[in-house]
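Using the hints, position chain A against chain R.
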Amino acid sequence: MILNPKISRRSFIAGTAAVGGGLALGLQLPFGPTVVRAADGSPEIGVWVVIRPDDTVVIRVVRSEMGQGTITGLAQLVAEELECDWSKVVTEYPTPGESVKRKRAWGDFSTGGSRGIRTSHEYVRKGGAAARMMLVQAAANQWGVPASECAAANSIVTHGPSMRRVSYGKVAEAAARLQPPKDVKLKDPKEWKVIGKPMKRLDTRDKVNGKQVYGFDLKLPGMLNAAIKECPVFGGKVKSFDVARVASLKGVRKVVQVGDSAVAVVADTWWQAKTALEQLPVVWDEGPNAKVSSASIAEILKAGLDAEQAFVGNQAGNAKQALAGAAKKIEAVYAYPFQNHVCMEPMNATARYTADKCEVWVPTQDGEASFAAVLAASGLPADKCEVYKINLGGGFGRRGAFQDYVTQAILIAKQMPGTPVKLLWSREEDMVQGRYHPVMQCKLVGGFDAANNLTGLHMRLSGQSILAAVRPAILEQQKGRDPLTFQGVADGGEHSIGYSFPNLLVDHAMRNTHVPPGFWRGVNINQNAVFIECFMDELAEAAGQDPVEFRRKYMAKYPRNLAVLNAVAEGIGWSKPAPAGTFRGVAQMKAFNSYVAAACEISVQGGNKVKVHRIVAATDCGYAVNPAQIERQVSGSFVYGLSALFMQECTVKDGRIQQENFNTYQSMRIAQMPKVETIIVEGGGDVWGGIGEPTICVAAPAVLNAFYKATGKRIRTVPLKNHGIELV
Amino acid sequence: MIRLTINGKTHEVDVDSNTPLLWAIREQVGLTGTKYGCGVAQCGACTVHIDGLPIRSCSIPARVVAGRKITTIEGLASGNTLHKVQQAWIDHEVPQCGYCQSGMIMAAAALLKEKPKPTDADIDEAMTNICRCGTFQEVRAAIHAAAKAA
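Protein sequence lines correspond, in order, to chains R and A.
Mind the numbering: the first sequence is residues 12 to 739 in the numbering used here, read in order.
Mind the numbering: the second sequence is residues 2 to 151 in the numbering used here, read in order.
Hint data in this document are derived by calculation from the structure and do not stem from the laboratory.
From the three backbone atoms N, C-alpha and C, an ideal C-beta is built for every residue, glycine too.
It is possible that part of the hints are untrue.
Covered stretches of chain A, as calculated for chain R (at least 3 residues, CB under 8 Å) [as the list claims (entries may be wrong)]:
no.: 1; region: 18-24
no.: 2; region: 66-75
no.: 3; region: 82-90
no.: 4; region: 99-110
no.: 5; region: 115-126
no.: 6; region: 133-141
Next up, chain A with everything else stripped away, as it sits in the complex:
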């Protein structure tokens, strides 16, 4: 049993020592907004925040982050108020199929926390998520819009 703190709630999960955080979140805690895309830390669909930093949850064992503050896409909004990145994503109609977007949004939210007014170069460096629909043009526009939002 390990204790995970996800979106402010504590969960006791029964997983073996190698189970990635991604699958503990999805299958034990039951939060499926965090996606599996590759399992090898390439695509970023599984991105969550650990103590505010964006981490690819498919490639970190759940036990390693026991007790740390984990935030998933389901916990990004404050109650009914969407995070400014989520709102910008809606305003700019970023998602197409949407499968990669949880990870994309979590990466963008972490970027804006670190760099409130990111340049294009900052975005290029921080946003390494794969999107096969090709929403990058809207992703960039939405990040700049979210940066402008108070």
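Pulled out of the complex, with its shape left as it was, chain R reads as follows:
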């Protein structure tokens, strides 16, 4: 029934070539490809699937599991098309080294930008479908019947006319010898049985009994432990350090310089290494950056708000002219700080180096980026390098593009050839050697005509470019512009603005700092959502209109943005008064090709104690692969977003980050957690949206807008602790 398909008219079906007869012919070629085997000898049925003789289904996943549920979601996609028994599914990570040998057979490893599922759903589903077709064909060949008379379900191939049945494990060897089909048809979403269902995560049990091994927990025979300190002033270098002072301390094996900017102590245990490192006198050459402070950075950004030169990110009509002729203008300046990812598991990597082999075990969001770091730091060719991925204790963007800890681990291990060295960062090191959420200021000017119609809007960003520091080649292609800066307010693409204004200018005065910026979960949508969505409330008030009604006027061309806005407005009961003593706010945004909105109800005691009672959040990600995990990502996003809004800022003094631990860089606790109601909207379409990041950005503006309703105070700088405002 499945292998004799009608050609579907639907656009999501991959490949337009006919399948069926031609495919069956191809599969019956007598000499198939060489069987590729997994480590335990079980055959691969295409690169994504291994079937063991006991019917265990091994699904390959190259995106990294860091809590977001991607291994379960990606396995669902493969399993759906494979028609396998979900209870027999396990997953495994192919290694980056294997990927290199096999010409990137599994594609991109990068697990950032909420792209795990949205950018690979098609080829992993095809992998599952191709494997199913091969298994069915192998069974048909065994019975001497046409494959078209056979069907697969629940890891069993059945021949309809004779009702003969065989399990996948029994035909896997034969299937592995068949030529993979070239044309693979995917199911209509209406036929999905595993995708779209709240399948239980595949990785829960070991996370409740202490058995899950994180990078921090790794044990290798003969392994030593390293603690590291890099110059706290970014760009600074090691001048000298006094090995003799710690060399004789118990457990200490070696004190080494790491690159030109860090010093590490290697000891029997990490506690010994850490305590010795604290006693090690190090003299730094801090360089000119030691003069930089938060205030000096803020001054530079402030000047950018009115600078002549700026990169244009979005332009419609002539905003400056419209503003010059406006009957009424309002203006506001916002600011967003440096923030650290603070993964619960600090950065770490374990390396073993010899002249013949360099191996690294690392919790990484991008195995290929780790592999590149191994090549560069070891100096060895690709066939002598390998990376073993470990599930992450949080990633949030810190562990993908940046592999500094991998480089460090190798540079240490190279000084002790043959000995595995586990490098663990202390929380303090993790806090002061981050890749921080970029710092940004924003001046917004809106103009109205005499009838209170918005005639123009200018949004001037001034601040740091992530890509200038991380992907300078993109800036070269863009003549200096960082297109990522405009996430959420761009003129198109996966982060396009959800409003049509008659005259609009969004531009960016790039003001880079010595503090290294990074991709912080959500990236530039976080500050841009605060800027545009809070200012939309300011504009609505200036126009004397309801914030939701005001937004709707400009959203006619953005039906999916509008749909999630309407969903949260309805969910929170916007058309009716808020419960006594509570106040509401909303925000909406398109990010990572998903459409998200939030509406909240808060109360404020004593003018500064904010209780968020309830948040209704809507997400349209196209297709909801695992709604239970989406709900968890969405409610968790408010912990990330509200912690950032209320509590988190990394300040700079004498060129270094001042916050060194959770006591000065707080994160929400359960008592502060609002009730989150998640609405999933499945808008369908060809383009799938991401889940891990988008919702975070609507948390802050929704609460800030409600705070204004409650108090009459517009707060335009984050975090709120700087205003004496706390989350209770």
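Just chain A, lined up with the frame of chain R:
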């Protein structure tokens, strides 16, 4: 040498007098389910039970608890039977990255021992662990479910 009694077994460990219990458990005894998150008793990832009470093991020297009854996440289940908190955690799919969950579970188990039917306010007071993935909504639901379980 100090003598630690962990999950019913006695371990002689050779640590200096300032070594925190956390690192004795992880590096000397070799039980790595108890996590390091901050080292300053903020995040709670290192929570273990000492004579049944939840303690942040990163901030107490191992020598201080010599001879006391220490329980880690590895010792919470009774043989193959999970503790009701662990079972509720599975049923409600609480963990995301999971790194903080050992400490979260140990805190919840201690809470239920002290208050078998905790209110939301009790949970707010007892559960001060940090979770960056933001599993709090599921944590609360799972604690209430575990309280209902016999």
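Handout entry: Coverage claim, chain R over the region 82-90 of chain A, checked by counting residues with Cβ within 8 Å (three needed)
Key = This one holds; 3 residues, not fewer than the three required, reach chain R with a Cβ under 8 Å.
Problem - Verdict on chain R covering the region 99-110 of chain A, criterion of 3 CB contacts below 8 Å - result: holds (count 6)
Practice task
Count residues of the region 133-141 of chain A with a Cβ under 8 Å from any Cβ of chain R, then say if the count reaches three.
Solution key: This one holds; 9 residues, not fewer than the three required, reach chain R with a Cβ under 8 Å.
Practice task
Test coverage of the region 18-24 of chain A by chain R using CB-CB distances below 8 Å; three residues minimum.
Solution key: holds (count 4)
Problem - Within 8 Å of chain R's CB atoms, at least three CB atoms from the region 115-126 of chain A: coverage verdict - result: holds (count 3)
Problem - Outcome, coverage of the region 66-75 of chain A by chain R - at least 3 residues whose beta-carbon is closer than 8 Å to one in that chain - result: holds (count 3)
The structure shown violates none of the earlier numbered hints.
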